[in-house]
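**Student:** Model the full structure from these sequences, guided by the hints.
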Amino acid sequence: MVSVVQNFCDNASNRLGDIAQRIGHDQDLSAARRMIYSSISKMNMLTLQEKLRATTLIARNTKDIDVLFSLPDPARMEWVMMLLNGDI
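Residue numbers for the sequence shown follow the working numbering, beginning at 397 and rising by one.
Each hint should be verified, as a subset may be incorrect.
What the hints assert, rightly or not - List of simulated lysine to any residue pairs, SDA-like, C-alpha gap at most 20 angstroms: (1) Lys459 / Asn440; (2) Lys459 / Met441; (3) Lys438 / Leu479; (4) Lys447 / Pro470; (5) Lys438 / Asp469; (6) Lys459 / Ser435; (7) Lys447 / Asp462; (8) Lys438 / Ala471; (9) Lys459 / Ile432; (10) Lys459 / Tyr433; (11) Lys447 / Lys459.
Rather than coming from a laboratory, the hints here were simulated on the basis of the structure.
Quick caveat, the model's predicted, so the values are computed rather than measured.
**Tutor:** Printed below as a string of structure tokens:
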């Protein structure tokens, strides 16, 4: 009986750990999404409409968020232009 309860507790603990990790990941992603426009808004060569479109495109794809924030500023601008032009 004790082993059954212990097994149940271990499984519950593992599931709660998985849930906590997913929540943490979602919160990190949400914070990154909020930073997208802040980063793109500094690109003075873009119109407001282009900035909003780029923000929307990038926010839809977690890999694009990672790429945006991994690039240095000059490459970031070029990458956003390529994204807007449909080159990537």
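**Student:** Hint by hint, work out which the structure violates, then give me just those numbers in ascending order.
**Tutor:** Hints 1 and 2 contradicted; others consistent.
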